[in-house]
Every structure is written in C-alpha cells, then in structure tokens.
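Enquirer: Below are the chains, spelled out letter by letter.
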Amino acid sequence: MAEAAGIAKSPTGISGFDDLTLGGLPTGRPTLVCGSAGCGKTLFAATFLIHGARDFDEPGVFVTFEERPVDIVSNVASLGFQLDKLIDDEKVVIEHIAVDPAELAEIGDYDLEGLFMRLELAIDSIGAKRVVLDTIESLFSAFSNPAILRAEIRRLFDWLKDRGMTTVITAERGDGTLTRQGLEEYVSDCVLLLDHRVENQISTRRLRIVKYRGTAHGTNEYPFLIDRDGFSVLPVSSLGLNHKVFEERISSGVADLDAMLSGGGFHRGSSILISGVAGSGKSSLAATFVNAACQNGRALYLSFEESAAQSVRNMRSIGLDLETSLNNGRLKFVSARPTFYSLEMHLAVMLRDVHNFKPDLVVLDPISAFLDTGDRLEVQSMLLRMVDYLKNNGITAIFTHLMHSQDGNVATDAGLSSLMDAWILMLNREANGEFNRELYLLKARGTAHSNQVREFVMSDSGIYLLPPYLGENGALTGSSRRAEEAKMRRGEARRRAEVARVRGQMEQRRRKVQAQIVALQAELDADEIELSAAIAAEDDYLAQATRDRTEMEGSRKAVADDHDA
Amino acid sequence: MPEHKSTSTRKLTLYVAGETPRSLSAVANLERIVGEHFPGQYEIEVVDLKKNPKLAREHDIIAIPTLVRELPVPLRKIIGDLSNEEKVLVSLRLEAEK
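So the sequence lines, in the order shown, correspond to chains A and B.
Quick note: our numbering has the first sequence finishing at residue 565, numbered continuously throughout.
Quick note: our numbering has the second sequence finishing at residue 663, numbered continuously throughout.
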C-alpha cells in the first residue's frame, strides 16, 4: 500500500476514490469527512469500514452518535452491503453512543474517559484497524462545556492515532467553515468535503479533497454517485493529455466515407464529431459506426433523445440491424433525458457505464441536448473530461451535435472543435425546391482526407456517398445534379450522332472518288490499247515495206547480172 | 432541612475510571454532600470502570465521573467532580421532591 511519497494508505474500496488519492486514506491517521446534511457522509464512512472489513481484512468499529445500529444496518443494505453478517462474523462492531442532554447535569470538571474505554473495548474485541466516528459533533449538543469537549476530542484523535487506527470522522458543514465546530483544526492529515448542490432543480453530489498531507492530489471537485452499486467517485479531471495513440484504423461502416480518408478509416481512439442541422442524418451515420464496431467489438450508445426500441426501428430503415447486436450483448443502449440528471451526474453515470461495459466505441447522441440544461462552460468541461477518459482508454467516441444554422458558420455552440480529432459536417441544403444531404470531412487529425463535399444518400441498403457533380455551374446534388447529368447525356448523344453523320458522308465521298478512279483507269486502259494497236500497225507497215523493198531489189539485181555477163 | 427522612434508602452510583485526582475528589464531594444533607437517604456505590470496562457500555457512560441515580424515575445523570455543592443539592433535591 505504501506509495512513493512514503505515506501508507488504506484503500477505501470506493471505486475512483482510491485512484484519486493514489491508494486511499492515510493509514493510522484520522480523516475528516465534512458536508451538509444528506450529502452522503455516513455512507462514505460506512463504505470505507465495510470494504475494509470485507475485502482488506481490516475489522472496523462504527461509533454512531446519532443513528441507531439497526438503522445503519438497514441503510447500508440498500447499497448491497450485508453489515449484519459482518457483525455476526465479528468483523464490524457498531458502538452506539447515545447522549440525552435532558437527563444530564454538569457539575464541575469531567472528561470523556468513558468514551475512550468503550472505544478501546470495541477495538480490542475484534482487533479493529479502522474506526468511524459518526458524527462526533453531536457531543456538542449533549455537553455544554466546549472547552472540555474540545480538549477531549483532540485527545481522542491523538489517542486513535497512537493506536494506529485509520479513522474517518464525519462532521456537519458550518457557515463559512468546513465544520460547524471547527473540527478541521484537529485533523491535519486528510480533509474531504462532500457537497450536494441543486441547480435548476437537478442535484449533483461532489467530492473535494481539501487537504491531504503528503499526497499530491487534485483540488477539483469530483462528482460522485450513491446508487445500488454503492459509492463511486469519478476522478475524471485528474486525467492529463497523455493519451495512448493508436495507428489502428476503425471503419465508419460507410465504405465511401472510409475511402475519403487515406489509410481507410478513422484512427482508433479518435473523438469524432458529427454535426449538422436537424434531419441531416447524424444519428444514422453514428449508427453505422456502431454497427461496424459491433462486428468485432462492443459499442455503447448513449442516447439523450431516442429510446433503444425507437433507434432499432429507425435504423432498420437504412438496412442496419442493431437488434442482433443488442441481443448478443455487443451493443448496449442507454437512454436518458438530459434533464434527468445534472451534467456532472450524467458524466458520472456515463463513465460508470463505460467503465463497466468496456466498449470499443461510444456514441453520445446528441451532445447539443446538454446545452439546454447547463452552462456552456460546464458542458464543455464535462465533454472534455468525457473525451479525455475515452481517449485514455483507447475508446473511439462519436459525438453528434445538432446545429441550428449552417450559414457558413461552422463553430459548434459548445466550442468543441478543438476537442475533436475528426469533424464530419452534415449539411442539408435546399436547392430548386428540394433538400439534399451533403457530407463534408471538415477535419481529420493525422489523416489526409478528401476535401470534397459528398452527397449523402440513405437507402434501405445502407448509406453511401456520391461524388458531387462538378459542372460549370458549381457542385450540384440531388435532382439538379440528375438534370445536369441528363443534359450532359443528351449533349453527348447529339455529338455522337453528328460524328456518325460526318463519318457517313466521308465514306460516301470516298466511295464516289474511288468510282471515278476506276472510270479514269478504264479510260486510260482503253487509250493504251488504242496506242499499242497503232504501234503494232506501224510495225507491220514497216516490216511489210522492208520486205517489199527487198523483193524489189532482188528482182532488179537479176536483171543487172545478165547484163554484166 | 432533612424533610424526607422517612424515604427509604436510594442508591447513587458513581462511575469513575481509576484513582485519578478528579475521581477521588468526586467521591469525596459526594460523600460529604450526602452525609451533610441527606444522611441515611442514599447508599453510595463507587464503580471503577477501569476494572470492568464493559459496564461503561452497559450503563451508557461517556463522561467520567458520572453520578447515576436510577430511582426515583426519571433516571438522572450528573457528570463532573461535583465541586459545586449548591448545584448538586439542587439537582438531587429537585428530583427528590417530586
């Protein structure tokens, strides 16, 4: 149990509180728990004692000055503790110290040795390590000499310290002081303040560590819960910016959206904001994330507007079967109206659900619902703590946010953008008498992503995204996009027909020219035939002439030969 | 002064814790007052809780010393060393006269 700081600590077993104080209450020292009536002091003390006796083998003495032992047993039974059994097992002793001022007269000097002796007896009877004094201040109404009482209370605390008792002392909150009787003067080790505030008719319990000697502790107020699961404190604001970082990608359930991100999806542990005006498809997109997460993990859907049954029915219309996941325990649906608890309480309840269910993905739908119930800063701080907690646990978070206008102003009401790793902007734009949904990936930290506005189409087979029509008249969606596309198709057809026509003409001309070529060739051939006929005739003539001359010469020679002879 | 001599003996129990000066003075004061003002009316028993601490719980004793008078009803407890004789007298007589 010993911490680095050197102070030994006794765990209280109160979930969250032991983390907050790095181990619990200071061992062997008194701790003062103060607060106004009904803020849970007695339950805190009882939980500390019972956990000690049951889980840490540290028997305890519960000294009650107000409530009767039977009442205490039945009170803690409502938290699921079986105190009577611990009493039977001699792990816990309840010492009831009742003082009735009516039957008491004070004459002269006295001390409270009787109280010490009874306490000692009770401690020794079970070997107690823990003591609860609830509420020692009632002694002030029984005894009229405060000087004696103060001296005795101081002596009692010292005595308990000497005996090494880890003690919880409860005290009523006073006006402007921590306790009505100034008991904080005597307890220097650890002082806790419990608070129970009602704002806007919504109550919140808060715990603050006023002082804890030897331990670094947060000075913030931490919300705490008292319900059937006992007492739990949520040390959410003690978290820093040292989140784990994941390279792993998760699918959004919309393939087209994943494709818009380089790497194929969002980083695991991201906080993703889906913002948009009413009816832009925020919840549907969130549901596809849930559905994708449920394929091989668990998802927690925290809805502040719809019931589980309603969401299941609605999502069926876009082809998402959430019912199966609900039935096989992969999906848990928690519905609560924002006004049901205060912000702190919501946070506390949500964190407890997350802690118990251990989902891979959490959806808060919608966070804007809180803005009506609380102050902006408070909402922001609550969400910050939620984001931090989820991030620290590697849980992907989806927040939907209802925007009231989309006129170029993309700031969210709660000033959330800086908290978010990714921001999907859903638009619902009117053009030519119809509204069309559009999706834009406004930011995605650490991931290159498309800068295009996509048309967001919900069909009964799921959600898909269409790249927008980027024509001369800007990006178009919906029927104007279809009209533009039809226009383009018509133009295309026209151009095709024109080309075919020109091609036909060409072909015809080609054929005509070829025919002419054939005719001319024929003419040429005819001329050539004529020419060769003429040449042949000339050759015949020349041959005949030669032959004739030869014959002529022959006949002439014969004559000449006779003459010579 | 002793108007009620006829009343039967009643018991006064004085709880102390060890022989502290305060306890001793309470015993002495009580014995003196009873002896002077209520002779024979009260029987005094001194219980040392150090010897039997369980009695503290049994009789619901917190302050030391405590003087308990169980009868006549109602039960009456006087705490302190009984150093103020007047007050002790008032306390005991008022009850006794009822």
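The set of hints was computed from the structure by calculation and includes no laboratory data.
One or more hints might be untrue.
Said to hold, decoys possible - Capping the alpha-carbon separation at 16 Å, the derived lysine to aspartate or glutamate pairs in EDC-like fashion look like this:
1) A:K332 with A:E378
2) A:K443 with A:E430
3) B:K615 with B:E596
4) B:K615 with A:D258
5) A:K85 with A:E106
6) B:K616 with A:E484
7) A:K211 with A:E184
8) B:K652 with A:D109
9) A:K85 with A:D124
10) B:K652 with B:E601
11) B:K652 with A:E103
12) A:K443 with A:D460
13) B:K652 with A:E106
14) A:K211 with A:E221
15) A:K443 with A:D258
16) B:K615 with A:E185
17) B:K619 with A:E120
18) B:K576 with B:E651
19) B:K652 with B:E623
20) A:K211 with A:E248
21) B:K652 with B:E608
22) A:K211 with A:E247
23) B:K619 with A:D124
24) B:K616 with B:E596
Bear in mind the structure is a predicted one, so any value in this text is a computation, not a measurement.
Enquirer: Work down the list of hints and note, for each, if the structure agrees.
Expert: Verification of the supplied hints:
no., hint, in the structure
1, A:K332 with A:E378, "violated, 27 Å"
2, A:K443 with A:E430, "violated, 24 Å"
3, B:K615 with B:E596, "violated, 21 Å"
4, B:K615 with A:D258, "violated, 80 Å"
5, A:K85 with A:E106, "violated, 39 Å"
6, B:K616 with A:E484, "violated, 105 Å"
7, A:K211 with A:E184, "holds, 10 Å"
8, B:K652 with A:D109, "holds, 13 Å"
9, A:K85 with A:D124, "violated, 19 Å"
10, B:K652 with B:E601, "holds, 15 Å"
11, B:K652 with A:E103, "holds, 15 Å"
12, A:K443 with A:D460, "violated, 28 Å"
13, B:K652 with A:E106, "holds, 9 Å"
14, A:K211 with A:E221, "holds, 13 Å"
15, A:K443 with A:D258, "holds, 14 Å"
16, B:K615 with A:E185, "violated, 30 Å"
17, B:K619 with A:E120, "holds, 10 Å"
18, B:K576 with B:E651, "violated, 20 Å"
19, B:K652 with B:E623, "violated, 27 Å"
20, A:K211 with A:E248, "violated, 42 Å"
21, B:K652 with B:E608, "violated, 20 Å"
22, A:K211 with A:E247, "violated, 41 Å"
23, B:K619 with A:D124, "holds, 12 Å"
24, B:K616 with B:E596, "violated, 22 Å"
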